[in-house]
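Residue numbers (numbering that gives the first Met the number 0), protein chains in the order written: chain P, 0 to 781; chain B, 0 to 159.
FYI, nobody ran anything at the bench for these hints, they're computed from the structure.
In silico SDA-like pairs for lysine to any residue, Cα to Cα no more than 20 Å straight-line:
1) B:K32 - P:S121
2) P:K574 - P:F614
3) B:K1 - P:R123
4) B:K80 - P:Q27
5) P:K771 - P:M707
6) B:K1 - P:R127
7) B:K32 - P:L38
8) P:K515 - P:R484
Since the model is a prediction, treat every value here as computed from it, not as a measurement.
One-letter residues, chain by chain:
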Amino acid sequence: MQSKTKTKPTSGYVGRAMKRVEDPRLIQGIATYVDDINLPGMLHMVVLRSPYAHAKINGIRTDAARALAGVTGVFTGADVNAKCGLVPCVGLAPDQKAPKHTCLATDRVYFVGHPVAVVVASDRAIARDAVDLIEVDYDALPAVTDPQAALAPDSPLTHPDLGTNLAFTWTLAMGDMDKAFAEADRVIKHRMVHQRLIPMAIEPRGCIASWHTGEHTLTLWTSTQIPHLIRTLLPGMIGVPENKMRIVAPEVGGGFGSKLNLYAEEALVSHLAQRLGVPVKWIESRRENASATIHGRDQIGEYEVAVKKDGTLLGIRSRTIADIGAYNQLLTPAIPTLTGSMLPGCYKFKAVRMDIQGVYTNKMSTDAYRGAGRPEATYTIERLMDLVAAELGLDRVKLRQKNFPRPEEFPYDTATGLTYDSGNYNLALRKAQELARWDNLLKEQIRARKEGRLFGIGLSTYVEICALGPSKMMAAGGWEWGCVRLEMSGKVTVITGATPHGQGQETSFAQLAADKLGVSIEDIVVLRGDTASAHYGRDTYGSRATVIGGTAILMCIDKIVAKARKLAAHLLKTKEKNVQFKDGKFFVSGKPKNALTLAQLAAEAYVAKNIPRNFEPGLEASSFFEPSNCTYPFGTHIVAVEIDRDTGEVKIVKYVAVDDCGPQINPLLVEGQVQGGIAHSLGQCLFERCVYDENGQLLTGEFMDYAMPRAKDIPDYLLGHTVTPSPSNPMGIKGVGEAGTIGATPAIANAVCDALAPLGIRHVDLPFTPEKVWRAINSAKR
Amino acid sequence: MKTRVSIKVNGVSHEHEIEPRTLLTYFLRDNCKLTGTHIGCETTLCGACTVLLDGRAVKSCTVLAVQADGAEVTTIEGLAKDGKLHPVQEGFWECHGLQCGFCTPGMIMAGVDLLNHNPKPTREEICHGLEGNLCRCTGYSHIIDAVQWAAKKLAKAEKR
Numbered sequence: 000m001q002s003k004t005k006t007k008p009t010s011g012y013v014g015r016a017m018k019r020v021e022d023p024r025l026i027q028g029i030a031t032y033v034d035d036i037n038l039p040g041m042l043h044m045v046v047l048r049s050p051y052a053h054a055k056i057n058g059i060r061t062d063a064a065r066a067l068a069g070v071t072g073v074f075t076g077a078d079v080n081a082k083c084g085l086v087p088c089v090g091l092a093p094d095q096k097a098p099k100h101t102c103l104a105t106d107r108v109y110f111v112g113h114p115v116a117v118v119v120a121s122d123r124a125i126a127r128d129a130v131d132l133i134e135v136d137y138d139a140l141p142a143v144t145d146p147q148a149a150l151a152p153d154s155p156l157t158h159p160d161l162g163t164n165l166a167f168t169w170t171l172a173m174g175d176m177d178k179a180f181a182e183a184d185r186v187i188k189h190r191m192v193h194q195r196l197i198p199m200a201i202e203p204r205g206c207i208a209s210w211h212t213g214e215h216t217l218t219l220w221t222s223t224q225i226p227h228l229i230r231t232l233l234p235g236m237i238g239v240p241e242n243k244m245r246i247v248a249p250e251v252g253g254g255f256g257s258k259l260n261l262y263a264e265e266a267l268v269s270h271l272a273q274r275l276g277v278p279v280k281w282i283e284s285r286r287e288n289a290s291a292t293i294h295g296r297d298q299i300g301e302y303e304v305a306v307k308k309d310g311t312l313l314g315i316r317s318r319t320i321a322d323i324g325a326y327n328q329l330l331t332p333a334i335p336t337l338t339g340s341m342l343p344g345c346y347k348f349k350a351v352r353m354d355i356q357g358v359y360t361n362k363m364s365t366d367a368y369r370g371a372g373r374p375e376a377t378y379t380i381e382r383l384m385d386l387v388a389a390e391l392g393l394d395r396v397k398l399r400q401k402n403f404p405r406p407e408e409f410p411y412d413t414a415t416g417l418t419y420d421s422g423n424y425n426l427a428l429r430k431a432q433e434l435a436r437w438d439n440l441l442k443e444q445i446r447a448r449k450e451g452r453l454f455g456i457g458l459s460t461y462v463e464i465c466a467l468g469p470s471k472m473m474a475a476g477g478w479e480w481g482c483v484r485l486e487m488s489g490k491v492t493v494i495t496g497a498t499p500h501g502q503g504q505e506t507s508f509a510q511l512a513a514d515k516l517g518v519s520i521e522d523i524v525v526l527r528g529d530t531a532s533a534h535y536g537r538d539t540y541g542s543r544a545t546v547i548g549g550t551a552i553l554m555c556i557d558k559i560v561a562k563a564r565k566l567a568a569h570l571l572k573t574k575e576k577n578v579q580f581k582d583g584k585f586f587v588s589g590k591p592k593n594a595l596t597l598a599q600l601a602a603e604a605y606v607a608k609n610i611p612r613n614f615e616p617g618l619e620a621s622s623f624f625e626p627s628n629c630t631y632p633f634g635t636h637i638v639a640v641e642i643d644r645d646t647g648e649v650k651i652v653k654y655v656a657v658d659d660c661g662p663q664i665n666p667l668l669v670e671g672q673v674q675g676g677i678a679h680s681l682g683q684c685l686f687e688r689c690v691y692d693e694n695g696q697l698l699t700g701e702f703m704d705y706a707m708p709r710a711k712d713i714p715d716y717l718l719g720h721t722v723t724p725s726p727s728n729p730m731g732i733k734g735v736g737e738a739g740t741i742g743a744t745p746a747i748a749n750a751v752c753d754a755l756a757p758l759g760i761r762h763v764d765l766p767f768t769p770e771k772v773w774r775a776i777n778s779a780k781r
Numbered sequence: 000m001k002t003r004v005s006i007k008v009n010g011v012s013h014e015h016e017i018e019p020r021t022l023l024t025y026f027l028r029d030n031c032k033l034t035g036t037h038i039g040c041e042t043t044l045c046g047a048c049t050v051l052l053d054g055r056a057v058k059s060c061t062v063l064a065v066q067a068d069g070a071e072v073t074t075i076e077g078l079a080k081d082g083k084l085h086p087v088q089e090g091f092w093e094c095h096g097l098q099c100g101f102c103t104p105g106m107i108m109a110g111v112d113l114l115n116h117n118p119k120p121t122r123e124e125i126c127h128g129l130e131g132n133l134c135r136c137t138g139y140s141h142i143i144d145a146v147q148w149a150a151k152k153l154a155k156a157e158k159r
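All chains, full assembly: derive it from the sequences and hints.
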């Protein structure tokens with residue numbers, strides 16, 4: 000494979016597949032992740048966690064642990080809960096009954112991995128030894144593990160004091176559903192399980208808190224996606240005001256939503272650092288990550304689609320059970336509601352209804368995981384489209400095309416009250432079919448089936464909602480903040496409130512700024528992930544950083560150019576309207592040789608010996624960008640699979656993805672996001688499932704048991720793109736961080752089900768493990 | 000009860016008193032202060048901790064420091080020579096073979112080991128050669144490109 004980057008450009012950075020500025024430190028192992036930070040006097044915290052899914056705590060004996068040499072302290076709920084506050088949830092449903100989520104367990108434990116006590120010691124190994132010396136007297140109680148059974152009146156209770164396992168109900172109902180069903184020629188029904196997944200970022204969570212006893216300030220380094228949101232929320236837990244708090248996300252080794260949260264451990268280290276007067280570090284083990292960091296998905300849905308026999312879609316409704324675990328983490332109840340809003344997918348429906356029952360079980364909480372509710376929607380509607388086509392005897396491609404809004408109908412108001420900004424679904428579909436050589440695939444399938452081989456072709460035409468979003472729909476602001484500063488030397492500092500953790504904005508934002516300012520990219524530095532440099536921000540999740548954060552940067556540059564123009568006019572002794580700005584230089588129109596560079600103007604602005612009246616010194620600007628809408632990237636994925644009858648193994652023989660995220664700032668980064676997103680889907684489709692047994696024991700608590708895709712498992716990706724700009728931001732771009740995951744799962748699922756269709760198998764739930772597929776094949780009628 | 004070990008890491012001798020149960024990963028990170036080698040799991044499955052022990056790739060989370068006593072270890076920090084990146088490091092940079100970077104040191108060391116044993120691997124051989132290393136960000140394709148890029152560069156250098 001050829002190198003993707005060419006010689007160093009000096010302009011025209013946007014649109015280029017450029018190497019990242021982040022990489023030199025990462026490829027040399029000299030970047031700083033949270034466990035790489037060591038502070039003088041620092042102590043180590045290790046957590047004792049419940050081995051039971053549900054139990055009463057009769058007593059905790061800590062004397063042996065405390066007596067171990069090197070142990071500074073052992074703390075239980077009684078010692079710290081009052082000072083650490085409650086773990087917050089900002090997405091509670093209006094009718095929700097919520098348990099008090101203390102940082103350490105009090106009189107009961109509610110899931111395997113529930114924190115019960117902490118040891119603080121001089122080194123990690125001693126703390127670990129001491130944890131083994133803590134004696135907890137548990138009385139095991141029945142565990143609630145099946146969310147459907149949990150709703151039965153005689154079910155044991157996850158939280159006995161709530162009196163019910165029903166956490167909340169939520170309904171989205173738009174359009175005239177009765178009319179839709181009355182007019183329908185057919186109603187297609189289907190049940191699907193969206194299995195629980197574990198995000199498994201390769202870097203487990205960790206944090207270090209340091210308290211300045213003199214200044215009463217807290218610094219918290221944490222492997223997080225949301226330092227700014229933590230600065231907003233942590234004060235409510237530990238009582239330190241936000242303007243005395245600095246939260247730093249150092250290098251973060253992956254998040255995928257699992258680090259879009261405020262966890263008990265962050266409050267615990269913060270409190271203990273204050274209490275003990277020394278820095279306290281906590282680093283998670285993989286087992287802890289699997290059991291006590293949020294899980295993804297976990298919905299069971301019963302779906303009905305009302306259609307006319309010519310394939311016109313009328314209405315879709317769903318009754319969904321969401322297994323949310325024992326507690327509400329930051330966005331737990333809100334995630335399934337995102338499924339409802341995207342249930343229509345890229346089709347014109349007249350009516351949509353989704354009824355959700357959130358159910359408490361004795362498991363870890365679910366929350367946002369790559370796609371956060373939208374993969375469930377797309378998987379559902381795309382699987383349903385294939386089933387509708389089969390039922391009506393229609394071509395599944397033509398069925399989709401028939402129900403697409405046409406390009407001229409955008410911005411398109413959907414049945415769920417959203418406005419899709421722009422789209423050309425048929426263009427992406429056609430391009431994907433071309434790349435996949437669709438007709439050849441169909442011919443190959445005919446040949447394969449004659450030979451008795453199980454060869455399947457699947458597609459998904461998807462749209463997704465990202466770059467969340469307008470503040471009206473967000474819990475605490477959906478804007479993003481940015482700052483651009485010309486330094487005295489002419490160097491440029493860009494500060495963003497976004498928090499990249501692999502997405503590459505140190506490079507892509509530098510590309511944007513370099514082009515717009517007309518400076519060399521080497522003169523630009525992008526600061527991120529630290530509330531000391533960006534006091535406010537709304538961080539990184541929901542594929543928002545480049546759209547919203549990038550636009551904020553452009554707004555800053557507009558302000559800087561306007562200000563620099565004033566100064567240039569003054570120094571060039573002319574009126575502002577005579578001053579042109581091109582390639583980083585200001586000059587009088589028609590006299591380009593007598594120009595002032597931004598660097599020169601910056602020096603003048605700071606030295607301030609010759610500035611116009613009413614001109615503030617300095618050359619910097621900050622901006623908040625409030626988006627008017629989310630963005631709606633879309634595309635088509637086409638997959639061909641072959642299944643080995645004897646082993647049930649699914650082999651992907653072709654993978655084509657055509658994705659549209661609008662104009663691309665750095666095509667190399669876009670490709671990386673799409674490929675990475677597809678890999679998550681590969682995992683969901685072929686390997687991954689978070690399993691709790693009937694006692695609530697987590698059986699998939701290590702990489703030994705939770706199978707993840709590896710290099711040998713991926714197909715050759717054949718990627719293409721279309722470009723349909725969004726009207727909701729000046730660059731016309733859309734997010735792309737989750738689109739791959741959203742588009743891929745249904746394409747793979749449809750391909751496998753298509754392969755099995757000749758055997759009379761209508762549907763198989765994910766994951767398509769060899770055993771499951773083999774069993775389906777062997778218990779099929781034909 | 001502590002014990003003394005002496006390990007040459009990236010050409011520099013490190014002698015420390017450690018507990019016998021100390022893993023090589025912790026020796027490198029805590030005693031030698033080389034934090035480029037990362038810890039992603041405790042069951043030897045993720046590969047983030049991969050280093051070269053006497054020239055062979057090992058998962059340092061499953062090697063006790065005492066087992067490496069007297070041996071030579073190369074970590075990610077020791078790959079670049081005189082400020083010049085190793086071709087595998089360069090390949091990762093050129094081909095966008097990393098995003099968050101956490102699996103990267105281990106992935107690069109595994110790539111180096113692969114090319115040491117098989118200088119002209121096919122794409123499939125690279126896929127299998129890296130199956131001991133997990134990545135959650137990239138989807139692997141660019142990683143394989145990176146190792147192929149490095150193989151080509153090394154082959155060119157050989158020819159001269």
